[in-house]
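A.B. asks: Just so you know, our numbering puts 182 at position 181 of the sequence shown, and the rest follows in order with no gaps.
These are calculated hints, taken from the structure and not from any lab test. The C-beta atom is built at its ideal place from N, Cα and C for all residues, glycine as well. Warning: the hint list may mix true and false statements.
Label-pair ranges, simulated between beta-carbon atoms [claimed, not checked]: (1) ALA173 to GLU41: 18 to 24 Å; (2) GLY115 to ASN81: 31 to 37 Å; (3) ALA166 to VAL109: 29 to 35 Å.
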Amino acid sequence: RATSASWKKGQGDPLALTQEDVFKKDVYPPLWHQAPGSIEDFPVHGNKTAISAWNYLERLGVYKIVLNYSAKYFTTSGSNNVGNILWGLPLQLGWQYHTGRLADPSNVTTCGHGAGQHLCISVQSWWASVNYYLSIIPFLGAMEAGFFGQLQHEIKILPPEELRADFCYSAADCRSHIPKVMDAWKAYFEVDHLFFVVHRLPSFAHVHSLSLSLHTFSLKEK
2 RATSASWKKG QGDPLALTQE DVFKKDVYPP LWHQAPGSIE DFPVHGNKTA ISAWNYLERL
62 GVYKIVLNYS AKYFTTSGSN NVGNILWGLP LQLGWQYHTG RLADPSNVTT CGHGAGQHLC
122 ISVQSWWASV NYYLSIIPFL GAMEAGFFGQ LQHEIKILPP EELRADFCYS AADCRSHIPK
182 VMDAWKAYFE VDHLFFVVHR LPSFAHVHSL SLSLHTFSLK EK
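Please construct the entire structure, taking both the sequences and the accompanying hints into account.
C.D. replies: Below, the structure is given as structure tokens:
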């Protein structure tokens, strides 16, 4: 079973946590308990909830919200949401953060390196760019499926300072650019929660996101 320690070693099954894991000091992704746990925790600007996907805590918070909302479908797997099959996604992001893979690989900027920049996720990072399609896109797909219920404000993902065309920033924007990927994630989060009940991975949606991101960022430095 996956823990952040096993991810640091490149080992472990990324499906879920165990009850034993909960008592380990480093079981959760780095700074997990500091990340936003609800959509209301993010700031509202211009009547829109603004989420910065290029801040580690805020991207981690996107995962945390999905984990929190899906927890009720995993009550038979133990307490503390330990059996949630989606744990692998934030654990992987935490491993990328811990190993410096989210920082600017060229060192041209201080993003992820300099003082006060440890939460910065670099748009130049191949790992960070691919992970965008495995974090923000599933989140927007879940939102489009109504998984979070009726939201008070529209959600807007803040763009990076450069390479903005490589990403999409709202459910409508992503649907116009990557409709098949959005369809896959929306379907995963709306099929009567059958996938949650039988503990199957969202493999179809995951593969769509991963394939598109690998193709998009094939020339980016790792």
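A.B. asks: It remains to establish, for every hint, whether it holds in the given structure.
C.D. replies: How the hints compare with the structure:
no., hint, result
1, ALA173 to GLU41: 18 to 24 Å, "holds, 22 Å"
2, GLY115 to ASN81: 31 to 37 Å, "holds, 36 Å"
3, ALA166 to VAL109: 29 to 35 Å, "violated, 20 Å"
Hint 3 alone, counting from the list given before, is not met by this structure.
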